[in-house]
Amino acid sequence: MAGVTWRRVTLGVAAVYFLVPLAIAVWFTVYNESRGFSLGAYGRIVSAPGFGESLLTSLLLGAAVIVLVLLLALPALLAVRLGAPGLRPVLETITTLPLIVPPITYVVGIANALRGGTDALAATPFWQTLISIQDEDFPVVLVLAYVMLALPFAYRSLDTGLRAIDVRTLVEAARNLGASWPYVLFRVILPNLRSSVASAGFLSLALVMGEYTIAALMGYRTFPVWIVTISGNDGQLSVALSVLSLGLIWLLLLTLSGAGRKAK
Amino acid sequence: MTVELRELRRSFGGTVALDGLSLTIEQGELIAFLGPSGCGKTTALRCVAGFERPDTGAVFIDGADVTRVPANRRDAGMVFQSYSLFPNLNVRDNVAFGLRVRRRPASERHSRAAELLELVGLGGFGERYPHQLSGGQQQRVALARALALQPKVLLLDEPLSALDAKVRVNLREEIRRLQLELGITTIFVTHDQEEALSVADRVAVLKSGRLEQVAPPAEVYDRPATPFVAEFVGTMNHLPGRVSGETVEVFGQILPLDNAAPGEEVDVLVRPEAVRVTPSDDGRGFILASSFRGSIARLRVQLDGGGEVLADVPGHEAVRLAPGLKVDVTLVERPVLTAPRTAVAAPVEPVA
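Those sequence lines, one after another, are chains A and B.
Under our numbering, think of the first position of the first sequence as 85, with each following residue one higher.
Under our numbering, think of the first position of the second sequence as 838, with each following residue one higher.
Possibly wrong hints are sitting among the right ones.
Claimed, not checked - Computed list of lysine to any residue pairs in SDA-like fashion (alpha-carbon distance at most 25 Å, straight line): (1) B:K989 <-> B:D912; (2) B:K989 <-> A:V88; (3) B:K1163 <-> B:G1144; (4) B:K989 <-> A:T253; (5) B:K1044 <-> B:S998; (6) B:K989 <-> B:D1059; (7) B:K989 <-> B:L1048; (8) B:K989 <-> A:W265; (9) B:K1003 <-> B:L1048; (10) B:K989 <-> B:L1017; (11) B:K989 <-> A:L198; (12) B:K1163 <-> B:R1137.
Think of the hints as simulated: they come from the structure by calculation, not from any bench.
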């Protein structure tokens, strides 16, 4: 019984710690001493210039990052697991690097590369490619940067999932029954990894929806950048934005984890 | 469909798994690859399945060289040691997996799956998921799945080693029954000699990637080609003997030699069932221990001159031949194998 009480107390303290500030924040956004109760702050978000565009940009970036990071990490993980188990520590170290290198380093590196590249490629057809990956509405260069940042999370989620199944035997059983490699990957491995793929996807999305440094310094208007820009001069609006983005990410989390659970 | 292994060599780093293995498996035959772990039996099987490529040598299935054919285009169904059913698919879809890969219509897939599940005694289990089945049931499903495409060859990689003793015996009988019924050429890899001897048409005993002997079970047991086979298959007594010409003297008996003796002072290899034990007050030893196994009792006899002999006597004699009894030991008169003299003349019980 003491254990149960202890658990309840801990849960209660944690709930207070998390929920009270949230509740106060929500209260702040909907109540004003002079005007009383109003949802005006939320209305102002939606009508604020750039809301839709920046949100769309971020969601598109998120989707692209998820697809790319999965396409990159999953085959690599499988190949190492099946073909060169000795390389696992190497892969683990490589995928940890993005966590260690500070984002500002990326920005400097990417900016230099782009500048140098623009000069070097000015006379070639690749110059056009270089320009188009920096497109305002869908900056491919950000996708590449975010894939790097998402790699540690995706790698760890997928690795946990692969650990739970006997990959080699499943792959060999499928190969033995005539399955090609793509068939093995998409029809045998992926369905058995759904929840870890979902969590890799969610973590990547959460990263993209919250990343400010790189996008801001490179001058792109992603959702987090837009939040900072728009909220500078309106206290209520900025808190409403925080609440909204929190709610949005929770919603996405629930959707993704729901999709992961359905598979079981 | 015959399977031919020709001069297979394969090494992993410094360890040699296959060292020039050559063997032909006849149409409709069940051959067991038997040997201690690391003898290359699984590597040989994986070369046939296409999961390993030999460094040199070739694999022929039905006369065609398949050494370079990828695993998914070989016509060989395989059952694995560990449970290999796809956890996200139910039993029916597991069995029909190969048909699905080949884009056969749903009706054909379902009827074939039902037919095969019936064959392995799991009719009505189609809607269940692998985690709802026992180990033995899972291996039955795996067997049905391997047979669904009517492969030319069936490959069994220690399919029973994860199962309980009783299930193991039942399932091996059933595998044999199915194999005979379908007449499918089968390679059965095992480290369990009893399993190999009881189901196979021929047993191939491997050691260090080489073939020691391939012969019908009774011949492997009765006339082992090498001391290794004699040691690995069944239990052997090592008794000190002295060779003269074509005979060897052991326990005061003169027995004909079965192989070329490796010297004058040798170990004579004698099966426990070829040792006779009779109560005798002036016998040359006494019974040290007796372990009753139902149809037989295995006695450990301590010899007066030092050393021990294992002897199998009919179970009903176990009461009469109790530990402590003074006995005489004689050997059944038949040709015996000899091996180089080992330091201690003690019988060896195999680990398996």
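Do the hints match the structure? See the list:
1. B:K989 <-> B:D912: holds, 6 Å
2. B:K989 <-> A:V88: violated, 62 Å
3. B:K1163 <-> B:G1144: holds, 15 Å
4. B:K989 <-> A:T253: holds, 21 Å
5. B:K1044 <-> B:S998: Distance of about 20 Å is within 25 Å: holds.
6. B:K989 <-> B:D1059: Judged against 25 Å, a Cα distance of about 32 Å means the pair is violated.
7. B:K989 <-> B:L1048: holds, 24 Å
8. B:K989 <-> A:W265: holds, 23 Å
9. B:K1003 <-> B:L1048: violated, 31 Å
10. B:K989 <-> B:L1017: holds, 14 Å
11. B:K989 <-> A:L198: This hinted pair is violated, its Cα atoms lying about 59 Å apart.
12. B:K1163 <-> B:R1137: Within the cut-off at roughly 12 Å; holds.
When each numbered hint is compared with the structure, violations occur for hints 2, 6, 9 and 11.
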